Each structure stands twice: as C-alpha cells, then as structure tokens.
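Let chain A serve as the given structure and place chains B, C, D and E on it in line with the hints.
Chains as they are written, first to last, in my numbering: chain A, 15 to 121; chain B, 15 to 121; chain C, 15 to 121; chain D, 15 to 121; chain E, 15 to 121.
By construction, these hints were calculated from the structure, which means they are not laboratory data. Everything numeric in this text was worked out from a predicted model, so none of it was measured. Each residue gets a CB set at the ideal place from its N, CA and C atoms; glycine is no exception. Among the hints, erroneous ones may be present.
Said to hold, decoys possible - Across the chosen pairs, the derived CB separations fall in these ranges: (1) A:T34 - B:K37: 21 to 29 Å; (2) D:E49 - C:G68: 38 to 46 Å; (3) C:G35 - E:G47: 41 to 49 Å; (4) D:E71 - E:D31: 20 to 28 Å; (5) C:K28 - D:E52: 25 to 33 Å.
As the list claims (entries may be wrong) - Cβ-to-Cβ under 7 Å is the rule here; a few derived chain B residues that face chain A: (6) Q23; (7) S81; (8) G100; (9) D103; (10) S114.
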Amino acid sequence: MFVGKVTGQVIATKKTDVMTGRKLLLVEPYVLGRENRETLKTTGRTFVAVDTVGAGEGEFVLVVQGSSARLTPETKPLPVDCAIVGIVDSVRAENRCVYSKDGVADE
Amino acid sequence: MFVGKVTGQVIATKKTDVMTGRKLLLVEPYVLGRENRETLKTTGRTFVAVDTVGAGEGEFVLVVQGSSARLTPETKPLPVDCAIVGIVDSVRAENRCVYSKDGVADE
Amino acid sequence: MFVGKVTGQVIATKKTDVMTGRKLLLVEPYVLGRENRETLKTTGRTFVAVDTVGAGEGEFVLVVQGSSARLTPETKPLPVDCAIVGIVDSVRAENRCVYSKDGVADE
Amino acid sequence: MFVGKVTGQVIATKKTDVMTGRKLLLVEPYVLGRENRETLKTTGRTFVAVDTVGAGEGEFVLVVQGSSARLTPETKPLPVDCAIVGIVDSVRAENRCVYSKDGVADE
Amino acid sequence: MFVGKVTGQVIATKKTDVMTGRKLLLVEPYVLGRENRETLKTTGRTFVAVDTVGAGEGEFVLVVQGSSARLTPETKPLPVDCAIVGIVDSVRAENRCVYSKDGVADE
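In isolation and in its complexed conformation, chain A is listed as follows (with noise of 0.2 Å):
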C-alpha cells in the first residue's frame, strides 16, 4: 500500500457495465523526503482508485494496489487494480509527525 494526496476526479460515463456509480479518484502518491525527514514529498505519479471510504479532495488516504483492491465489500466483483481503503489521520517518521489531517506538518 501507500500514502497519496486525493488531487482529483475522473468522469467516465461510458465504462464496462459492472464499473457503473463507482466513484473515481485521482490519487499521487507520497513518499518521505530524502533530506527532509519531516515532510510527505509527492512522487508526481498518478493513480486512479476506486473510493470505499468517501475520501475527498485534498485528503491523504491509504491506497491498495493489485488483486488486493478487490478485496473491500465494495470492490469485490470489479475490474479494479487500485482502492483508497482508509483515511490517513496522521504519518509518523523517525519520532515526529510528518503529517496530520489536523493541520500539523504537512508540506
């Protein structure tokens, strides 16, 4: 799994049938900077997730990748590779906090 920032939102109203009302988001994910130990550094990667946590923008969240994606009762049946499954409160690194949802040492 990883952390990643909620940036956006996909629209696809054509999609295979069984993919129809899930909610698309697009997701970048975070990884701990390498001389700044304290803050969550973007990877400029992006990904998009099926929500089943009534995740929002701008929200760092728990992505899943793969097989496991489908594992949540609301991915089970999909043909989805990727699923935001939690929403991340707070990031610790090497005793500090590097992130939380609270507004305490984001980036």
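Coordinates of chains B, C, D and E only, in the frame set by chain A:
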C-alpha cells in the same frame, strides 16, 4: 488504474488461440503535470490494452492492469494484463478541469 | 501487455521440474518514441518470457505479464510471470505505420 | 520480496472495516550499494505494510508484496498488498556482512 | 521472469511461521547492455528470493515474481513473491554468447 491516451493499434495475426479477434490498442499513461497542474502530461510509457468499450485513437481512457484486467465480460478467459474499461469524459484536479472530451483544457 | 523485441535466449538445464522443455526467450519492451513518433524505441529493459507461439530472434512480439501469463494452454501449470502470446505484424500510431514485419518503418 | 527499514507508522481510524486494528508501518526498500558493496542504501521509496511479526521503527525487515501479502495467518482476509513477514538478523553479500542487527556494518 | 545474479543471503530468524527453514537469497536483475550488446549489466536493484534449486552466490539464475512465485512444489503455501526457479547455463543475444556458466563472456 490510470488515465491514458489511445495512440495506436497493434496487429498480430499469429497469436495464442483465445486471443483471436481481440482489438489491441496502444495506450500511453498520463499524469497530472508537476509544475503546471492544469494539464495532463504523458509518461512516455506504452502499454498494449484489450479494448472493451469501443475506444478510438486520440481518446483518453481508463485502463486497468494485472489480474483485474480479466474481470470484464469481454476479457474473462483471456491471458491479458491490461484492459480499457472506460472512456474518460473529463478529469478535474484541484478544482479545475484539466481535460474534457469536448475540447476544453487538453494539453 | 507490451510490444517487445526478441533479442536472445536463456538456457537453464537445472530448473524446477515443471519448467523442463520450455523455451525461454529474452525480450526487450519497446515504446513509441517521445519526439519521433514514427519509430518504436527500446526501453533498455530485459525480461525472460516463455514462448507460446514459435517466436524467433529479432521478431516483435506481444508479451503478457503477471498471473495472466499462466492463462495460455502452454503455460497454465507453470511458475512463470511473462509469456509471448503473439507475433506482431504491424504497429500503427497516430495514423502512421511505425512497424511492419514486412520491413517498412522499423527503427 | 525486499529488505526494507521501518521508518514510521500510519494512523488511519476511518478505514474499510476489515482493516480495523491492523498496524500499518512505513517501510523503505534498501538495495546493495552499487559502488560500495559493503552497505545497504535506501531507494527513497516508501511503502505502507501490515506488520505480522511485531517489527519496530529502525529495524530491517523482510517485506512481501502483491497477492502473496495476503498469505499469512494475520493478513489472509485483508485488502492489503504489502506485509512484513520477517525481522532481518543479518544480510551477507559477496562474502561480507553488510548488515547485522547487533550493530555491525550498518550504513 | 528475469535473469539475475545471486549476490548474498538474508538471515531472518523471527518470521511468520510458514517461512521457517526457507533459504532467502539476494538477487540483482541483469539486462542486456544498451551500447555493448555482448554483456549483461546489473540494474542495481536488489530482490530477496526463495531458492528452489540450490543456487549459490555468484551464479546467474532465473527468477519469477508475483503470484507465480508460489507455483513451485517448494513455495506453494508460502507468502512469497519472488523465487529462483532455475540456474542459468548460458545467455545468447543477437547471435553471440553474452554469458556462460563455464566462464565465457561474463561482464
């Protein structure tokens, strides 16, 4: 999944039997621009995907990879690891439209 | 899947029993050139794939990865993650032929 | 699998139900140094892994990815693609100890 | 699959139960040199693979990844995503021997 642009087509007449008659499209994954957040940028990578929705060259599509690519009615028995499962109408990021099929905000 | 060129062969006489007798080919993935859109360019990567279609060195082939590589009659019981499932006749991109087996528009 | 260092922890109270109570650790994959073959070097990547062995921050661990991450007693029903399945005591490369939990030959 | 060189070994006494007694080797994937097509070059990456064929340090081996790594008699029930399934005798590319276990044409 990722958002990609259909750039071409692959013709392969000699292939493993179950693949006969499948349309194979070239797809380039796109990401949100790192500096310019109002455009989608190509990653320069090239995948071959089975089309399940009637996508055409130049269109932005939703692409699924791995074992999940086999979970559509069209791809279920096939040895494929990449499928187009939707045609993208629009992509919104950071409260702006970064792509619209109707011609607004493409690169 | 990806389009790749067969560049060589791997011989391994000591291998896990079920792999006995399988032809193992070296394959390099190719992508559409970033500036020159009329050619396919190597990515410089090297995979080892099981051949299911009688491919030969120098040919462009269609390659499938992951668990889907086991979904051909020839590879079903095998511990393989990469298989050649077709021989590419031609690749068209942006309304041009960028590769043809008959000799037009190769790199 | 890869050898990684536990660098932190992710807290996510709102997550898909089955994930409740699982400890989520940040892990950075390490590789053998390219010039200096006597050390392990970080790749700079960051994964989130479910802990199955009681790993702690700063420890080197064995990490498994993909569907195989679900094949431990602790992770079997879960939508996870990354799990810590061992705590590394030592790593030897080219006849030298490049890492030992007891303090020899760390980076 | 890929061709890799065994560079070392990982010792992990505390691990998830089913992994007890499995030999864990470090493996570096190799690719065909981009300019010099007569040699194999390391990619600098490092994987940990379960050995199923009695491979030793310094040997070139055939490595399978993902769920397929579980499809050998030795790895079937295990949470592993990488296995050594063969010992490479020789690699030929573009009609030349680029590696031979007997000592010809190594890097």
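Status of each hint after checking the structure:
Checked against the hint of 21 to 29 Å, the pair A:T34 and B:K37 passes, with Cβ atoms roughly 22 Å apart. The given range of 38 to 46 Å is respected by D:E49 and C:G68, whose C-beta atoms sit roughly 43 Å from each other. Distance hint check for C:G35 and E:G47: the Cβ-Cβ separation is about 30 Å, which falls outside the suggested range of 41 to 49 Å. Between D:E71 and E:D31 the beta carbons are some 24 Å apart, a value that agrees with the proposed interval 20 to 28 Å.
Remark: the range hint 25 to 33 Å for C:K28 to D:E52 is upheld by a beta-carbon distance near 31 Å. Because the smallest distance between the Cβ of B:Q23 and any Cβ of chain A comes to about 19 Å, over 7 Å, the interface hint for this residue is violated. About 5 Å separates the beta-carbon of B:S81 from the nearest beta-carbon of chain A, less than 7 Å, and the hint is met. Residue-level restraint check for B:G100 holds (minimum Cβ-Cβ distance to chain A is 3 Å; threshold 7 Å).
At its closest, the beta carbon of B:D103 sits 5 Å from a beta carbon of chain A; the interface hint therefore holds under the 7 Å criterion. Contact between B:S114 and chain A, as hinted, is not supported at the beta carbon level, the nearest pair being about 9 Å apart and thus beyond 7 Å.
Violation of the numbered hints given earlier is confined to hints 3, 6, 10; the remaining hints are satisfied by the structure.
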